[in-house]
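Colleague: These protein sequence lines are chains A and B, in that order. For the first sequence, the positions run 5 to 468 when my numbering is used. For the second sequence, the positions run 49 to 233 when my numbering is used.
A couple of the hints might just be wrong.
Unchecked claim - One side of the interface only, derived from the structure: several residues of chain B facing chain A at Cβ under 8 angstroms:
#1 82
#2 101
#3 159
As the list claims (entries may be wrong) - Covered stretches of chain A, as calculated for chain B (at least 3 residues, CB under 8 angstroms):
#4 96–107
#5 180–193
#6 444–455
Don't read these hints as lab results, they were simulated from the structure. Glycine included, each C-beta is placed from N, C-alpha and C at the ideal position.
For reference, the chains in residue letters:
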Amino acid sequence: MARETAAHKAVSVIRAAPRAAARSAQRVGAAIRRSAVAARGAALRQPPGPFQPRFWRSPLRGRWLTSLLGLVLLVGLPVIAITGLLSYAAYNPRLHGNDQTPGATLLKFFLFSWPTHPAWLYRVDQGVHVTLGLALLPVVLAKLWSVLPNLFSWPPVRSPAHALERLSLVMVVGGVLFEFGTGILNIQDFYVFPFSFYTAHLYGAWVFIAGLVVHVALKFPKMMAGLRSRSLRRELRTPLAATQPEAPDPDGLRTADPAPPTVSRRGMLVAVGGASLALTALTVGQSIGGWTRRTALFAPRGLSAVAPGALPVNHTAAAARITAADTGPAYRLVVKGRRTMTMSLTRHQLMALPQRTAVLPLACVEGWSYSAAWTGVPLTELARMVGITQPAAALVESLQPGGPFRSVTLSAGQVSDPRSMLALCLNGVDLPPDHGYPARTIIPAAPGVHNTKWVNKITFMAAQ
Amino acid sequence: MRSLSRAIRVWYGARPLHLLTLLAAFALAGYALRAVVLAHQWRGFAVWFIVAIIGHDLLLFPLYSLADLSARRLLPGWAARGGAARPGAAASGQPLVPVINYIRVPAGFALLLLLVWFPLILGLSAASYRRASGLATDPYLWRWVAVTGVLFALSAASYALALRRASARARRAPATAGPGKPTVL
Numbered sequence: 005m006a007r008e009t010a011a012h013k014a015v016s017v018i019r020a021a022p023r024a025a026a027r028s029a030q031r032v033g034a035a036i037r038r039s040a041v042a043a044r045g046a047a048l049r050q051p052p053g054p055f056q057p058r059f060w061r062s063p064l065r066g067r068w069l070t071s072l073l074g075l076v077l078l079v080g081l082p083v084i085a086i087t088g089l090l091s092y093a094a095y096n097p098r099l100h101g102n103d104q105t106p107g108a109t110l111l112k113f114f115l116f117s118w119p120t121h122p123a124w125l126y127r128v129d130q131g132v133h134v135t136l137g138l139a140l141l142p143v144v145l146a147k148l149w150s151v152l153p154n155l156f157s158w159p160p161v162r163s164p165a166h167a168l169e170r171l172s173l174v175m176v177v178g179g180v181l182f183e184f185g186t187g188i189l190n191i192q193d194f195y196v197f198p199f200s201f202y203t204a205h206l207y208g209a210w211v212f213i214a215g216l217v218v219h220v221a222l223k224f225p226k227m228m229a230g231l232r233s234r235s236l237r238r239e240l241r242t243p244l245a246a247t248q249p250e251a252p253d254p255d256g257l258r259t260a261d262p263a264p265p266t267v268s269r270r271g272m273l274v275a276v277g278g279a280s281l282a283l284t285a286l287t288v289g290q291s292i293g294g295w296t297r298r299t300a301l302f303a304p305r306g307l308s309a310v311a312p313g314a315l316p317v318n319h320t321a322a323a324a325r326i327t328a329a330d331t332g333p334a335y336r337l338v339v340k341g342r343r344t345m346t347m348s349l350t351r352h353q354l355m356a357l358p359q360r361t362a363v364l365p366l367a368c369v370e371g372w373s374y375s376a377a378w379t380g381v382p383l384t385e386l387a388r389m390v391g392i393t394q395p396a397a398a399l400v401e402s403l404q405p406g407g408p409f410r411s412v413t414l415s416a417g418q419v420s421d422p423r424s425m426l427a428l429c430l431n432g433v434d435l436p437p438d439h440g441y442p443a444r445t446i447i448p449a450a451p452g453v454h455n456t457k458w459v460n461k462i463t464f465m466a467a468q
Numbered sequence: 049m050r051s052l053s054r055a056i057r058v059w060y061g062a063r064p065l066h067l068l069t070l071l072a073a074f075a076l077a078g079y080a081l082r083a084v085v086l087a088h089q090w091r092g093f094a095v096w097f098i099v100a101i102i103g104h105d106l107l108l109f110p111l112y113s114l115a116d117l118s119a120r121r122l123l124p125g126w127a128a129r130g131g132a133a134r135p136g137a138a139a140s141g142q143p144l145v146p147v148i149n150y151i152r153v154p155a156g157f158a159l160l161l162l163l164v165w166f167p168l169i170l171g172l173s174a175a176s177y178r179r180a181s182g183l184a185t186d187p188y189l190w191r192w193v194a195v196t197g198v199l200f201a202l203s204a205a206s207y208a209l210a211l212r213r214a215s216a217r218a219r220r221a222p223a224t225a226g227p228g229k230p231t232v233l
């Protein structure tokens with residue numbers, strides 16, 4: 005689609021006018037008349053400022069640069085989308101009460117019963133989702149920078165096809181900014197948005213995916229042609245003094261009037277890539293844990309969460325309004341099974357039951373995680389005590405008076421895994437209050453919030 | 049059938065497949081949005097979606113472009129056409145090595161860090177962050193200031209090195225006119 009519009013030509017007519025005047029006095033009048041007409045036409049057709057192609061000066065913009073950044077996003081964004089959708093599946097939303105985002109059943113075609121093996125599944129999934137999201141932010145910003153002149157392309161709409169395509173870009177650009185924005189705010193507990201994070205982030209993702217798929221379908225050939233137009237290896241060897249603007253392209257990504265470069269193309273790529281790597285390096289320690297947590301200077305559960313003998317939490321006992329009276333001698337765990345089989349146990353009685361220790365990770369939807377040794381009573385043992393040998397599901401409830409994850413339904417696979425337990429100790433000592441004292445569930449590979457803290461009731465359902 | 053296809057192409061401006069692809073995408077997005085509407089959250093959702101675009105395209109982008117342009121105009125070496133170091137440039141009041149990229153890189157990265165972590169750095173989410181984690185947001189501002197300082201210090205050191213190398217080169221070959229070995233980022 006040629007961007008050489010009538011207005012473009014008008015500008016060149018204006019520029020050509022002085023030369024015409026020099027050549028022949030007779031032609032001056034005609035040239036002035038022509039340029040006056042053209043200028044009026046340009047004023048009508050093309051507003052000043054960013055709508056003028058010559059407003060844009062950067063000599064680095066061009067289809068090769070846009071294509072390269074697009075390729076990086078084409079690889080990275082689907083990974084973020086898929087890990088995000090898998091995270092949704094990890095909540096087992098088909099089980100009663102687990103779905104934080106009801107509706108749009110057709111978009112839930114991919115759901116499956118979330119496994120408990122390998123135990124690090126959710127930890128890696130969410131670590132990749134959050135860390136890669138942060139790492140790709142500089143690339144997203146660079147990509148938007150590279151195509152921003154097209155926002156002001158004139159005329160704004162050339163055909164119904166062009167109008168629909170621009171409308172689809174609202175889904176792509178709005179979608180990527182919305183998803184990155186809500187995600188980044190959510191991991192910092194900055195809940196300023198007037199909607200449920202889960203609802204908005206999931207359905208916003210589908211709007212973005214719809215836009216991205218159509219964007220890729222329409223632009224893929226252009227991207228491939230753009231990538232072939234220059235050699236990456238050569239660009240990485242080209243210093244500033246030898247940096248030339250790209251060739252003009254039909255989409256007008258390269259400006260009509262490039263300024264002298266102040267940075268080489270490789271300089272820009274190194275800066276963008278370096279920003280990605282640096283953001284990753286300053287974050288990823290909160291997902292790996294151990295000594296690397298100290299390197300996560302800005303991550304919400306990085307260096308800040310390093311303290312001797314302490315592990316990060318996503319909800320304190322105080323915030324959950326758990327009182328000392330709740331967890332003191334009056335505490336009872338109620339276990340329900342077959343109709344009449346109900347037991348009430350003190351923490352002391354729980355400690356007397358057969359215990360098991362397992363080293364399992366705890367991973368938050370916000371991307372941070374750690375691994376620890378948990379000791380407690382296997383859920384299968386509790387189920388057996390109330391007469392259920394083949395549990396089909398379990399409803400785990402917490403002392404906390406409210407909150408979206410006060411209760412959770414576990415799947416048959418989760419209850420039956422021998423490592424799933426009602427944990428009483430963390431790394432050999434009683435659970436700290438913020439980690440769920442007197443008792444909490446630990447389920448391998450489940451999202452953090454499905455490891456219910458301050459558990460006071462478990463209802464086992466038998467297989468039919 | 050062929051004439052219908054041609055009619056679509058003339059009226060619509062692209063192949064029929066283009067139209068079908070876009071309509072499918074809008075249908076998918078519309079279906080997802082329906083769930084947001086049913087959850088009674090569409091108002092905030094729509095506002096944030098649009099504000100995200102406006103905030104980037106018409107606020108963030110102009111602001112950082114303007115900051116970059118102002119820096120380039122105000123810093124010495126603006127007239128050095130392209131910014132490549134030229135022997136003898138110092139005599140004309142131009143620095144041997146343009147300083148712009150040694151400001152752009154640390155400033156850009158410090159601002160990127162602030163863009164991502166501003167709720168923690170500025171303590172805007174202090175209350176909810178404490179409720180969730182039991183931790184304070186206080187250290188984040190100091191870490192950001194420290195990282196910014198280190199970035200500028202490293203940049204200044206590498207600028208000093210580049211200046212030294214450039215002046216050594218200029219001394220070695222004072223007679224040869226024309227562009228010297230360029231300084232690159």
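Colleague: Look at each hint and say if it fits the structure.
Modeller: Checked hints:
{"no.": "1", "hint": "82", "result": "7 angstroms, holds"}
{"no.": "2", "hint": "101", "result": "5 angstroms, holds"}
{"no.": "3", "hint": "159", "result": "10 angstroms, violated"}
{"no.": "4", "hint": "96–107", "result": "holds (count 3)"}
{"no.": "5", "hint": "180–193", "result": "holds (count 8)"}
{"no.": "6", "hint": "444–455", "result": "violated (count 0)"}
When each numbered hint is compared with the structure, violations occur for hints 3 and 6.
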